[in-house]
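As you go down the protein sequences, you meet chains A and B in turn.
Positions in the first sequence are counted from 1; adding 6 to them yields the working numbering.
Positions in the second sequence are counted from 1; adding 6 to them yields the working numbering.
Misleading hints may appear alongside valid ones.
Which copy is meant is left open, because identical chains are indistinguishable; a pair holds if it fits in one copy or across any two.
Using 25 Å as the maximum straight-line C-alpha spacing, the simulated DMTMM-like pairs for lysine to aspartate or glutamate come out as follows [unchecked claim]:
(1) LYS140 - GLU497
(2) LYS140 - GLU64
(3) LYS237 - ASP198
(4) LYS204 - ASP176
(5) LYS257 - ASP481
(6) LYS287 - ASP522
(7) LYS102 - ASP266
(8) LYS610 - ASP284
(9) LYS237 - ASP200
(10) LYS204 - GLU482
(11) LYS610 - ASP573
(12) LYS204 - GLU215
Everything labelled a hint here was simulated from the structure, so no lab data went into it.
Protein chains: 2
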Amino acid sequence: MTATDAERWRELGQQLRVDSVRSSAAASSGHPTSSMSAADLIAVLADRYLRYDFDRPEDPRNDHLIFSKGHASPLVYSLFKAAGAITDEELLTFRKLGSRLEGHPTPLLPWVDVATGSLGQGLPIGVGVALAGKRFDQLDYRVWVLCGDSEMAEGSMWEAFEHAAFYGLDNLTAIIDVNRLGQTGETMHGWDLDSYAKRAQAFGWHTIEIDGHDVDEIDEAYAEALSIDAKPTAIIAKTKKGKGVAAVEDKNGAHGKPLDDPEAAIAELGGARNLRIDVGKPEDNAEPHVFETGPLELPTYELGAEVATRKAYGDALAALGAARGDIVAIDGEVSNSTFSEEFKKAHPERFVESYIAEQQMLAAAVGIQVRGWTPFTSTFAAFLSRAYDFVRMAAISRADLAICGSHAGVSIGEDGPSQMALEDLAMFRAVHGSTVLYPCDGNQTAKLVETMADLDGISYMRTTRGATAVIYGPDEEFPVGGSKVVRSSDEAVVTIVAAGITLHEALAAADTLAADGVAARVIDCYSVKPIDEETLLGAAALGPIVTVEDHWPEGGLGEAVLAAFADAPEHPKVTMLAVREMPGSGKPAELLAAAGIDADAIAKAAKELVG
Amino acid sequence: MTATDAERWRELGQQLRVDSVRSSAAASSGHPTSSMSAADLIAVLADRYLRYDFDRPEDPRNDHLIFSKGHASPLVYSLFKAAGAITDEELLTFRKLGSRLEGHPTPLLPWVDVATGSLGQGLPIGVGVALAGKRFDQLDYRVWVLCGDSEMAEGSMWEAFEHAAFYGLDNLTAIIDVNRLGQTGETMHGWDLDSYAKRAQAFGWHTIEIDGHDVDEIDEAYAEALSIDAKPTAIIAKTKKGKGVAAVEDKNGAHGKPLDDPEAAIAELGGARNLRIDVGKPEDNAEPHVFETGPLELPTYELGAEVATRKAYGDALAALGAARGDIVAIDGEVSNSTFSEEFKKAHPERFVESYIAEQQMLAAAVGIQVRGWTPFTSTFAAFLSRAYDFVRMAAISRADLAICGSHAGVSIGEDGPSQMALEDLAMFRAVHGSTVLYPCDGNQTAKLVETMADLDGISYMRTTRGATAVIYGPDEEFPVGGSKVVRSSDEAVVTIVAAGITLHEALAAADTLAADGVAARVIDCYSVKPIDEETLLGAAALGPIVTVEDHWPEGGLGEAVLAAFADAPEHPKVTMLAVREMPGSGKPAELLAAAGIDADAIAKAAKELVG
């Protein structure tokens with residue numbers, strides 16, 4: 007470092023502050039003070055340590071800079087301006103309708119990997135990117151994550167600390183901006199840097215405590231982080247919120263609002279500057295690792311055989327992994343239940359064990375797909391509710407994720423309601439752009455697993471614990487948005503719409519009904535979202551409908567069916583069978599019967615509708 | 007301790023093991039090996055340290071014993087048998103249909119505070135109970151939480167560690183059963199007790215490392231825990247999964263299944279025993295603290311005034327707190343946004359700051375209501391998705407929780423999608439027995455806040471960021487399950503169903519339509535669940551319907567309306583207006599317009615429906 011470096015960094019820091027104040031003033035909202043605390047940290051990082059080609063954001067050798075404290079978006083955008091990626095004119099579109107400079111960063115900007123703004127997500131996602139660098143890309147890029155001190159209260163941060171150390175991610179640096187003040191007051195630890203350091207050390211990290219406004223100390227900290235082997239580094243920086251402007255510096259009550267007098271603040275900061283940061287580019291010529299592959303040989307199952315769709319999921323995923331080197335599997339310490347263990351056995355080098363840390367599991371998947379890998383993530387469907395905020399944010403990140411939830415519904419049996427997903431269809435339907443699939447047999451599952459690998463956005467597959475009969479041949483196709491009419495006749499007077507476990511109950515009900523002289527049509531809605539509106543509209547025109555699902559009545563298959571013909575001119579009567587009382591333990595068949603979603607209940611409902 | 011004590015504890019431990027093996031064998035499922043590792047820990051605790059009157063589970067002075075590792079339910083039930091609370095005959099109903107001895111513990115049993123089985127929840131809930139003991143009850147009961155080592159990977163555990171230390175909960179003891187083996191293999195830390203101890207110490211806990219099968223060491227550890235002031239204690243116990251039966255002891259692959267040869271195992275454990283534990287009862291005569299109260303003076307707002315429903319929430323909660331000493335407020339470091347700060351200002355002694363730890367926030371609420379207090383929990387509605395698994399489990403716990411999510415929908419404006427709840431209605435509707443409320447004005451909000459305090463189960467209120475016009479007088483009543491027809495005429499040819507922010511857009515649309523000669527009915531569905539089926543059925547008979555919501559189309563108001571008349575003989579055509587594209591930043595009115603849910607969009611949809 008030279009005196010010139012230090013002087014330039016101090017000036018750059020002031021410029022980033024000024025531009026944060028300016029953009030927030032133009033927007034009449036935003037978080038300038040949270041940006042000002044971290045400006046020096048980012049100035050030194052971008053000027054000396056970051057390796058990033060702003061002209062080639064897709065370059066696999068680029069470093070990754072993630073603002074886990076996404077509300078410091080003015081700082082992100084001020085950096086992009088300083089790096090020459092956006093103009094000053096665009097900077098001042100911050101938070102305006104149609105601008106890609108949203109209130110919190112999103113990947114509408116090509117230099118932003120993931121959306122942040124829900125705290126405690128950037129670091130866990132950074133762990134995923136760093137893991138991809140080490141294990142899959144096998145490239146030397148580094149991952150830098152700017153964290154807020156308030157978000158250190160999120161458990162997901164400690165999942166990230168645990169995993170980063172466990173996987174020895176020395177390519178990951180967390181920069182903790184300890185500005186002491188949260189939204190409403192002081193954090194639990196204020197400026198007690200040691201409290202963060204001892205926690206991080208206990209979790210296996212190297213730590214460095216610095217004055218986050220001393221550019222020399224900042225410089226030395228980054229250099230030290232680069233030198234550490236086998237463990238991640240946390241730079242714990244004491245900073246002042248609103249640094250540089252007396253009216254807001256280290257003042258409570260100045261969170262999340264523009265400065266009252268931006269002109270005075272800009273003057274106090276030394277006025278506007280137009281320094282350009284010449285961000286270093288990746289220097290080597292390495293290419294991402296490519297895993298060897300062979301032909302795709304999806305598993306097939308004999309008609310009439312009994313196979314659990316969760317087993318078919320694992321078999322198909324292993325087969326897909328053999329054919330495609332981009333496929334990665336992640337599981338939450340239940341791979342022998344979800345059957346992702348089949349992938350683990352076949353491709354251990356592409357399997358990530360997330361232990362019982364569902365938030366980190368989803369975040370790792372998001373981070374891994376940032377680098378172009380195709381992650382399949384699995385656990386019990388019920389426990390995906392633990393990571394719902396990560397799924398929600400992944401949609402805002404425009405992430406492509408394939409997620410599988412096993413052990414859905416009361417049909418799991420004895421384990422009881424804590425292990426029964428009864429809200430997962432509602433949860434995943436209410437994700438923007440999502441696909442929700444619910445196969446009923448092995449061959450259908452295998453084909454849909456293959457399909458999921460190429461879907462955009464969040465795709466979810468619900469699998470069943472128990473073995474069910476194979477009803478489709480291995481050559482049948484199951485397009486997303488389609489359905490199968492699995493029982494039909496010209497005399498059909500009622501339609502039963504089912505999926506997954508209840509499809510088999512529906513078929514049994516149709517047999518019972520036929521024996522009683524009532525012809526029923528049965529539709530397999532394996533694609534719950536998008537749903538096959540055309541087929542359902544056709545059925546709706548022909549008579550009443552029974553929907554049946556192993557799920558609460560709200561937000562699942564039944565309501566998806568109703569929505570399909572909401573604006574049709576005429577509607578049939580629809581009886582919605584679903585789980586309406588809190589289940590307990592019991593045998594699967596007992597619980598299906600107790601919930602009123604078994605073959606008998608379906609047949610009864612159908613008869614009442616037609617008779 | 008005497009030689010007799012030690013001998014009795016060893017025998018008791020064996021009995022708890024035998025009964026765990028027996029009940030799991032009778033069920034042909036269950037987790038005996040996870041129970042066997044902790045049997046000695048529980049034997050000593052129950053025999054010497056626990057203060058609990060099994061005949062009076064409602065006694066406020068009772069200790070609380072929570073199995074955070076809920077899969078060790080055979081151990082729970084074996085303890086209850088040894089304590090004389092259940093018979094051996096009932097023990098053997100484990101996991102059978104209709105038995106209250108479910109696969110994982112639930113409060114169907116009067117001695118179980120909360121349902122567990124989703125890992126990482128028992129300790130955070132225990133923090134809530136301990137906090138209630140210190141701050142609200144002001145009683146000397148202790149909270150003992152048996153934790154698994156696998157669940158230490160859950161971030162929620164570290165939220166609990168952080169909060170327990172921050173609040174100085176020396177009435178809380180975590181007993182960590184380090185049996186080394188998870189479901190699929192070894193945990194990250196195996197038998198490295200120090201790795202847990204140094205983490206817990208870094209978070210401010212006192213720690214004790216012991217051999218979890220040495221009853222002397224166990225006894226000393228509990229005695230030491232009782233002696234520690236101002237900080238919680240973690241007893242970190244090295245144990246063996248399946249302890250005592252060579253076929254499964256410390257063996258991988260023996261998780262979650264009954265023993266292959268239970269008879270041989272029972273013999274190896276020394277055979278069945280029928281020892282009775284005489285669990286100590288609470289000794290003092292203290293009564294829970296009672297906070298002083300006055301009359302209820304709910305806030306009222308003038309017709310036509312502009313007030314944000316989030317502000318009315320805070321005002322009403324403060325008023326309710328003045329009238330009812332059982333009311334407690336908990337917030338996730340955004341009390342100046344949710345306006346729970348009004349309660350905090352008025353009743354600081356009953357306000358709990360959870361910082362940015364939404365899982366711990368919900369868990370604290372669950373723990374606090376265990377002791378009969380009435381918690382109101384608030385944060386941005388979007389961030390409640392962080393705690394969905396806790397809400398799901400709270401329903402299984404039969405917990406009574408009032409939850410408020412502010413800043414819902416695109417109408418928040420500039421902050422962008424990461425801060426916009428667009429899935430919260432779907433999420434909370436799909437909770438068993440839940441109530442979902444969405445007020446549109448200040449007076450309605452105040453009345454509904456009062457109502458929520460007495461509702462069973464999970465109740466959710468969605469509030470709006472911006473100020474909206476007061477349209478109801480202060481004396482209007484808003485029963486759960488009701489609605490208000492706020493615009494009506496005999497000539498009405500179309501019905502608009504709205505709630506919250508969109509109710510105001512619907513009213514403006516009705517004005518526009520009226521000016522164009524189209525009479526519209528407007529229904530305020532403030533009770534989204536249960537929904538007012540009767541009123542909606544009546545409207546449905548009269549013509550087409552437009553539903554409009556600031557939410558994704560899935561699982562929200564629109565689908566709730568469709569479900570209300572699913573089985574009616576005839577249906578009207580329904581146009582569902584909802585947020586269908588990923589929003590960005592912008593002004594609230596711009597974003598409502600961009601999403602197609604503003605007055606213009608409603609008027610247009612209504613006109614298209616009526617032709």
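Violating hint indices (sorted, rising): 1, 5, 6, 8 and 10
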